[in-house]
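There are 2 protein chains.
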Amino acid sequence: MSTRGWSGEASEILRVDKGFRLADVDPGDRPGYDGDKKSGQKDLAVGIESLGQLQERLFAESRTGDTTDSVLLVLQAMDSAGKGGIVRHVVGGVDPQGIALTAFKAPTDEERAHDFLWRVEQRLPEPGFIGVFDRSHYEDVLIGKVRTLAPEQEIERRYDAINEFEAQTSASGIRIVKVMLHISPEEQKERLMERLERPDKHWKYNPGDVDERMLWPRYMDAYQTVFDRTSTEVAPWHVVPANSKWYARLAVQELLLKALEAIDPQWPAADYDIEAEKKRLAAS
Amino acid sequence: MSTRGWSGEASEILRVDKGFRLADVDPGDRPGYDGDKKSGQKDLAVGIESLGQLQERLFAESRTGDTTDSVLLVLQAMDSAGKGGIVRHVVGGVDPQGIALTAFKAPTDEERAHDFLWRVEQRLPEPGFIGVFDRSHYEDVLIGKVRTLAPEQEIERRYDAINEFEAQTSASGIRIVKVMLHISPEEQKERLMERLERPDKHWKYNPGDVDERMLWPRYMDAYQTVFDRTSTEVAPWHVVPANSKWYARLAVQELLLKALEAIDPQWPAADYDIEAEKKRLAAS
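Quick note, the sequences are listed as chains A and B, same order. The end of the first sequence is residue 284 by full-length UniProt numbering, with every number in the run present. The end of the second sequence is residue 284 by full-length UniProt numbering, with every number in the run present.
No wet-lab data here; the hints were simulated from the structure. Where hints are given, some of them may not hold.
[As the list claims (entries may be wrong)] Taking lysine-lysine pairs in the DSSO-like style, the calculated list, with each CA pair at most 30 Å apart, reads:
no.: 1; chain 1: A; residue 1: K42; chain 2: B; residue 2: K189
no.: 2; chain 1: A; residue 1: K105; chain 2: B; residue 2: K279
no.: 3; chain 1: B; residue 1: K278; chain 2: A; residue 2: K201
no.: 4; chain 1: B; residue 1: K245; chain 2: A; residue 2: K42
no.: 5; chain 1: B; residue 1: K279; chain 2: A; residue 2: K278
no.: 6; chain 1: B; residue 1: K201; chain 2: A; residue 2: K278
no.: 7; chain 1: B; residue 1: K278; chain 2: B; residue 2: K37
no.: 8; chain 1: B; residue 1: K204; chain 2: A; residue 2: K204
[To be verified] Counterexamples of contact, computed for chain A against chain B with all Cβ distances above 10 Å:
no.: 9; residue: D17
no.: 10; residue: A23
no.: 11; residue: K38
no.: 12; residue: A103
Where is the CB? At the ideal position from N, CA and C, for every residue including glycine.
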């Protein structure tokens with residue numbers, strides 16, 4: 001079934017299946033979407049409405065205890081790939097009362113004293129919410145691996161730990177939507193340069209960004225291993241080409257919409273006597 | 001200085017000063033704003049842009065450690081007065097990355113085992129954020145008083161404890177904007193009746209709402225005491241007539257805008273050598 005400008009299911013087209021090779025993905029591509037930027041922006045605006053309505057229904061259903069469903073969007077990417085733009089333009093269209101956003105930074109001393117999944121578990125969305133992880137437990141097998149922040153054996157252990165954790169999470173009613181925003185190194189260079197050129201963007205630039213950038217091939221290898229090891233049936237990865245910001249936003253919105261449509265939340269029936277309450281209210 | 005359709009400073013016009021009497025406020029009034037609903041909605045849309053820009057600058061400034069400023073909006077009201085609409089339509093216009101929203105429910109057992117301010121302290125906004133409390137520590141002297149959930153002496157102690165807590169909070173760089181949305185009991189009856197009449201609103205209705213409604217005069221007394229005891233120079237209360245939803249949203253937006261304008265956040269200067277970084281990036 002195609003919706004809006006999509007020629008097929010974004011969740012299938014972008015999904016990481018067996019044999020997937022990140023090196024084969026063109027970050028400038030816009031797979032599955034036939035429209036241009038203008039129609040993409042129009043579709044994004046329409047989708048914001050739908051996403052908001054679906055989330056409100058999910059929230060309503062959860063309040064009466066009729067469901068334990070929620071959605072968790074996991075966002076990973078190289079610097080400047082557009083995670084912030086997704087949060088602002090896709091997630092930002094939803095009522096803040098239904099959003100649970102966590103931006104994971106380098107772990108604190110307390111966090112480091114626990115298993116790497118400890119801080120993540122605490123931030124899983126409650127029923128009815130759309131949770132968003134801006135970075136996640138995958139940092140522990142990305143920068144963790146590239147920078148050797150943990151012994152090789154420990155990194156190795158983490159892939160299985162992640163799969164087990166995500167299987168449990170999924171079984172508890174949380175639909176996990178994992179997204180890597182994929183830009184080209186050339187596109188990143190332009191975006192970082194823009195941050196250096198505009199005084200209102202200087203604060204977004206960090207000299208460390210270039211240090212990481214110099215390790216680009218090693219990061220791509222680490223992502224490939226993440227995809228090989230942790231793209232599972234219950235929690236598959238999606239690689240979203242992100243040189244076109246508008247396409248990436250539309251694609252992530254589409255993935256969220258499909259996750260919510262699959263839950264198909266309904267307005268819950270009243271768990272009180274409506275007519276009796278009308279009388280009581282009228283008399284009050 | 002008047003801005004947009006305001007004939008004066010909303011923060012002064014709506015502020016609870018010595019001698020304030022809640023009974024004198026007409027919930028159907030629209031003090032300080034000369035425009036009609038249409039111009040009010042237009043001004044709200046303009047304000048969303050400004051609020052977003054100010055918050056981004058505040059956030060930027062906080063990232064470089066140049067400031068510890070943040071803003072905390074405390075929302076209190078009788079049921080259906082429009083707290084949710086404020087969160088959706090005023091706060092919802094700001095990038096979710098800069099918002100820290102907490103909806104306080106009846107305290108859990110763990111929370112009850114601590115002082116009433118314990119759970120509130122943990123939810124204070126970090127520098128750079130706009131924190132929003134949907135209900136707050138004031139519940140402990142509102143429903144807490146009306147329903148005698150604590151001994152009279154303990155309720156009495158809490159007003160001073162709140163003032164001390166808010167003085168410290170304010171001194172730490174958090175600008176506290178306290179708002180009571182004030183509707184009439186007649187308006188509430190209509191809004192609750194609408195929830196009973198629309199299947200997509202049934203989940204928002206709770207029979208307990210009518211129980212609280214029956215205690216309306218006692219709640220108004222409890223609010224009056226709150227205003228008498230806790231409207232301080234560093235954290236004054238504002239009573240916003242809220243029978244007109246559009247006016248209430250515009251007024252709360254104006255209060256937030258003024259709080260941010262008073263901070264007057266600036267884009268921080270780069271704490272790195274811009275030209276050296278440009279070269280390093282270009283060579284990477």
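Taking the hints in turn, this is what the structure says about them:
1. A:K42 <-> B:K189: Given that 30 Å is the threshold and the Cα spacing comes to 39 Å, the pair is violated.
2. A:K105 <-> B:K279: Satisfied, since the Cα-Cα distance of roughly 27 Å is no more than 30 Å.
3. B:K278 <-> A:K201: holds, 14 Å
4. B:K245 <-> A:K42: Within the cut-off at roughly 29 Å; holds.
5. B:K279 <-> A:K278: violated, 71 Å
6. B:K201 <-> A:K278: This hinted pair holds, its Cα atoms lying about 14 Å apart.
7. B:K278 <-> B:K37: With a Cα-Cα distance of about 50 Å, the restraint between K278 (chain B) and K37 (chain B) is violated, given a limit of 30 Å.
8. B:K204 <-> A:K204: violated, 41 Å
9. D17: Fine: 31 Å to the nearest Cβ keeps D17 (chain A) off the interface.
10. A23: It holds; A23 (chain A) is separated from chain B by about 20 Å at its closest Cβ, greater than 10 Å.
11. K38: About 22 Å separates K38 (chain A) from the closest Cβ of chain B, which puts it past 10 Å; holds.
12. A103: Contrary to the label, A103 (chain A) does not stay out of reach of chain B, its closest Cβ about 7 Å off (not over 10 Å).
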